[in-house]
Amino acid sequence: MSFLATPSYPQQNVPGGEPTQRHGFNPYADNGGSIIGIAGDDFLIMAGDTRHTAGYNINSRTERKVYRLGEESSLVLATVGFGADAKWLADTMKRAVDVCFPRLSMMKDFKFQHNLKDMTVSAAAQFLFTILYGNRFFPKYAYCILGGLDKNGKARLFSYDPVGSYSKEGERRAAAGAASSLIVPFLDNQVEFKNQYVPGTQGMTERPVEYLPLEKVEMLVKDAFTSATERHIEVGDGLQMVIVSAQHGVREEIIELKRD
Amino acid sequence: MNHLPEAWGRPRDDIYGAYDHQYVSASNPNQHTTSPVVTGTSVVALKYNGGVVIAADNLASYGSLARFTNVERLKQVGSHTVVGASGDVSDMQFLFDEQLEQLIISEEYQNDGHHLRAKHIYSYLSRVMYHRRSKFNPLWNVLLVAGWDDGKPFLASTDLLGTTFSGPALASGFGAHLAIPLLRRVCPDEAAVANITREQAISVIEECMKVLFYRDARSMNKYSMSIISGEGDKVEIEHRKDIQLKQQSWKFAESIRGYGAQVV
Amino acid sequence: MFRNNYDNDSVTFSPQGRIFQVEYALEAIKQGSAAVGLVSNTHAVLIALKRNAEELGSYQKKIIGIDTHLGVALAGLAPDARVLSNFMRQQSMSSRFLYNRPVPVARVVNAIADKAQVNTQHYGRRPYGVGLLVAGVDETGPHLWEFQPSGMVLEYRGAAIGARSQSAKTYLERNYESFGDATREELVLHGLTALRDTLAQDKELTTANVSLAIVGKDEKFKLYDGDEVAEWLEKLGNTQSSRGSRGAAAAPPAPEAAAPAGDSMDVDA
Numbered sequence: 001m002s003f004l005a006t007p008s009y010p011q012q013n014v015p016g017g018e019p020t021q022r023h024g025f026n027p028y029a030d031n032g033g034s035i036i037g038i039a040g041d042d043f044l045i046m047a048g049d050t051r052h053t054a055g056y057n058i059n060s061r062t063e064r065k066v067y068r069l070g071e072e073s074s075l076v077l078a079t080v081g082f083g084a085d086a087k088w089l090a091d092t093m094k095r096a097v098d099v100c101f102p103r104l105s106m107m108k109d110f111k112f113q114h115n116l117k118d119m120t121v122s123a124a125a126q127f128l129f130t131i132l133y134g135n136r137f138f139p140k141y142a143y144c145i146l147g148g149l150d151k152n153g154k155a156r157l158f159s160y161d162p163v164g165s166y167s168k169e170g171e172r173r174a175a176a177g178a179a180s181s182l183i184v185p186f187l188d189n190q191v192e193f194k195n196q197y198v199p200g201t202q203g204m205t206e207r208p209v210e211y212l213p214l215e216k217v218e219m220l221v222k223d224a225f226t227s228a229t230e231r232h233i234e235v236g237d238g239l240q241m242v243i244v245s246a247q248h249g250v251r252e253e254i255i256e257l258k259r260d
Numbered sequence: 001m002n003h004l005p006e007a008w009g010r011p012r013d014d015i016y017g018a019y020d021h022q023y024v025s026a027s028n029p030n031q032h033t034t035s036p037v038v039t040g041t042s043v044v045a046l047k048y049n050g051g052v053v054i055a056a057d058n059l060a061s062y063g064s065l066a067r068f069t070n071v072e073r074l075k076q077v078g079s080h081t082v083v084g085a086s087g088d089v090s091d092m093q094f095l096f097d098e099q100l101e102q103l104i105i106s107e108e109y110q111n112d113g114h115h116l117r118a119k120h121i122y123s124y125l126s127r128v129m130y131h132r133r134s135k136f137n138p139l140w141n142v143l144l145v146a147g148w149d150d151g152k153p154f155l156a157s158t159d160l161l162g163t164t165f166s167g168p169a170l171a172s173g174f175g176a177h178l179a180i181p182l183l184r185r186v187c188p189d190e191a192a193v194a195n196i197t198r199e200q201a202i203s204v205i206e207e208c209m210k211v212l213f214y215r216d217a218r219s220m221n222k223y224s225m226s227i228i229s230g231e232g233d234k235v236e237i238e239h240r241k242d243i244q245l246k247q248q249s250w251k252f253a254e255s256i257r258g259y260g261a262q263v264v
Numbered sequence: 001m002f003r004n005n006y007d008n009d010s011v012t013f014s015p016q017g018r019i020f021q022v023e024y025a026l027e028a029i030k031q032g033s034a035a036v037g038l039v040s041n042t043h044a045v046l047i048a049l050k051r052n053a054e055e056l057g058s059y060q061k062k063i064i065g066i067d068t069h070l071g072v073a074l075a076g077l078a079p080d081a082r083v084l085s086n087f088m089r090q091q092s093m094s095s096r097f098l099y100n101r102p103v104p105v106a107r108v109v110n111a112i113a114d115k116a117q118v119n120t121q122h123y124g125r126r127p128y129g130v131g132l133l134v135a136g137v138d139e140t141g142p143h144l145w146e147f148q149p150s151g152m153v154l155e156y157r158g159a160a161i162g163a164r165s166q167s168a169k170t171y172l173e174r175n176y177e178s179f180g181d182a183t184r185e186e187l188v189l190h191g192l193t194a195l196r197d198t199l200a201q202d203k204e205l206t207t208a209n210v211s212l213a214i215v216g217k218d219e220k221f222k223l224y225d226g227d228e229v230a231e232w233l234e235k236l237g238n239t240q241s242s243r244g245s246r247g248a249a250a251a252p253p254a255p256e257a258a259a260p261a262g263d264s265m266d267v268d269a
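Chains A, B and C are the protein sequences, given in the same order. Be aware that the first sequence starts at 1, since it is given in this note's numbering, and climbs by one per residue. Be aware that the second sequence starts at 1, since it is given in this note's numbering, and climbs by one per residue. Be aware that the third sequence starts at 1, since it is given in this note's numbering, and climbs by one per residue.
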């Protein structure tokens, strides 16, 4: 911590005016790590590494960044950035979903009280925007990816910047965090088929985008993180994957990444 | 008394010079801690197969001055938990003597068979730390919470930003650089905890305290250690105070070039 | 007509040392339909009889979930129970948020007791007009508490509140010794039998008028309503009131605790 001391500004007192003071306290830190989310047709994978850093230090090798927002919900939130803000966001979202969800059917009346049914992905997405933008002038310094299944079992995925900007249409893939600049072009190519052309068309016809099967997506996620681990010092130790499938429910998996 | 009421009760300008309005001016922003004053250095802790060992030395520094040499930076909170603090000593004393003391009093006052355990106290502390940072009025500390919980050793950290994380071996301050490599050598991951005995854990922590004393200029050769050991629901906490560093060897100092009196 | 001069507010004692407003509040509980609660070494159960004010309307709510380890059954003014249960939910939420701990049952019960007591000692306030049975599980095991508007709370192995609850209490008193080792199923059946004893003449337990909630050491609080109750009523067998037409009652007939005269419990329609 102390090695990342905040810059000290000189005191600037306006002659004759009120003496001004500056805070030497930086309320943010960067705890490293990366997250990604990829949506298939009726499934999605949310993943993040489990390394937690402060500068060159590894605080922990086992901190999770992907959170299920309710035991009976398909909603999953991944957060990365300033660890304390990220966790706060996850806690806040969990509570909101908990209250709106008929927790084990006992909260039935809570549902009615708020005139809400089970919180849908798009409702949760809009809610997360409200939370983030509500802190516009003291932002929660965390990048979020939110995913889940909609009423028809279709996968939806949304990604946010720290002050809440997101696309209501959702997206097919998202990446954030320390190694996002390494992962995004990889996903562009492998999920959106960017720069891929139909063979024999002399690079004239782009390869049409299609949904990928679960096994393929799982491999992409693992490849993305093993590669990011090679090239980024803040990524590694473990890979946490949460797989939400309309057919097979929710499954969580943790596999090892290099710890160097 | 002159004709300027605003000067009444103040040192005379003709003798002491004009009053510096930067002090005690109501229109100034509230003064928050923006940097620590009297500080404690590292806290180190390691899980073992029956509990946790945690240690911190007894020095409180005022800048580079070794100001107080008998400060206790480990506190037992309730019956299951020990909290260790590094960073600002007054903030530590506020947390230990005001907040945590009150927390335990009001918990035990209920007398209903419920007790706050390590994970509860850790949750409370991290909420306090994050709340204070969000008010731009941080408690300038890094806290390690060690304890016995749900039949398992518990160890986690929170700091002035409210950042939280846990692990089988943790250290704050200089310890994060010097002790962590030593601790991770014997305990690379959670699974390794099962193979570490109490005696091993104690000796590794002792070794860490020694290395820290060798290399950390804000440390001292007297420290406290708490050993939290548990079995099922039973917890025992042993406090060792005023431990003197043993078996010091300064031979290595001769080989250090560039700082001492030696030439080349 | 006789006029009581000591019941205008809840801060004035009568010369006999009574606070009438508080006693009236206790009467309000008896106006509500019955609720029964009981605990074993592993489970706590709440069972309540619901009324519907009119054919076209829904049945009133008798059991409210507070958290995954905790819930209440009520008798008396339902709106007052909502105020209390919302408060309990807040307490429960903040316990989880601040301490990462489900709130201990005794704590949340004492918290509402303190709230209720304040109302009996401030001019211009009125006591809550509702009694609660609070069932929950915490680190010290399953618990059942009764809450009264006087601010009184007591822990029970079996308890009943509401209209004709005396009949249920009589059943519980005769059987409580077997509750401790009872299985989950036995405990529920004891509860249903006790509740059946509170039925008015010619009434019966149905899927429409029974609410049931179970919480256990390894079982989250779950409310059974409507069709979910059917299996339990089947296990119970006889669902008829044992009052009046006595022939019908096959199960151990509860000794008729002489219904207090002037007990206008026929509101139970």
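In case anyone wonders, no lab produced these hints; they're calculated from the structure. The reader is advised that the hints may include incorrect statements.
[Claimed, not checked] Derived contacts from chain A toward chain B, CB cut-off under 7 Å, selection only:
#1 P27
#2 S60
#3 A84
#4 S245
#5 A246
[What the hints assert, rightly or not] Derived lysine-lysine pairs resembling BS3-like cross-links, with alpha carbons at most 27 Å apart:
#6 C:K30 - A:K94
#7 C:K217 - A:K151
#8 B:K152 - C:K217
#9 C:K222 - B:K234
#10 A:K94 - C:K217
#11 C:K220 - A:K94
#12 B:K119 - C:K220
We treat Cβ as the ideally placed atom computed from N, Cα and C, and that holds for glycine.
Status of each hint after checking the structure:
Interface hint status for P27 (chain A): upheld, as the beta-carbon distance to the closest one in chain B is roughly 5 Å, under 7 Å. Checking S60 (chain A) against chain B: minimum C-beta separation of about 4 Å stays under 7 Å; hint holds. About 4 Å separates the beta-carbon of A84 (chain A) from the nearest beta-carbon of chain B, less than 7 Å, and the hint is met. About 29 Å separates the beta-carbon of S245 (chain A) from the nearest beta-carbon of chain B, more than 7 Å, and the hint is not met.
Taking 7 Å as the C-beta contact cut-off toward chain B, the hint placing A246 (chain A) at the interface is violated, the least distance being around 34 Å. Restraint check for K30 (chain C) and K94 (chain A): the C-alpha separation of about 40 Å exceeds 27 Å, so the hint is violated. At most 27 Å may separate the alpha-carbon atoms for a hinted pair to count; K217 (chain C) and K151 (chain A) exceed this at roughly 34 Å. At most 27 Å may separate the alpha-carbon atoms for a hinted pair to count; K152 (chain B) and K217 (chain C) meet this at roughly 20 Å.
A C-alpha spacing of about 32 Å is found between K222 (chain C) and K234 (chain B), which places the hinted pair above 27 Å, so the restraint is violated. The straight-line distance between the Cα atoms of K94 (chain A) and K217 (chain C) is roughly 24 Å, inside the 27 Å bound, and the hint therefore holds. Distance restraint check for K220 (chain C) and K94 (chain A): the Cα-Cα separation of roughly 18 Å lies within the 27 Å cut-off, and the hinted pair is therefore satisfied. Restraint check for K119 (chain B) and K220 (chain C): satisfied, since their Cα atoms lie roughly 22 Å apart, inside the 27 Å limit.
Violated hints, in rising order: 4, 5, 6, 7 and 9; the structure is consistent with all others.
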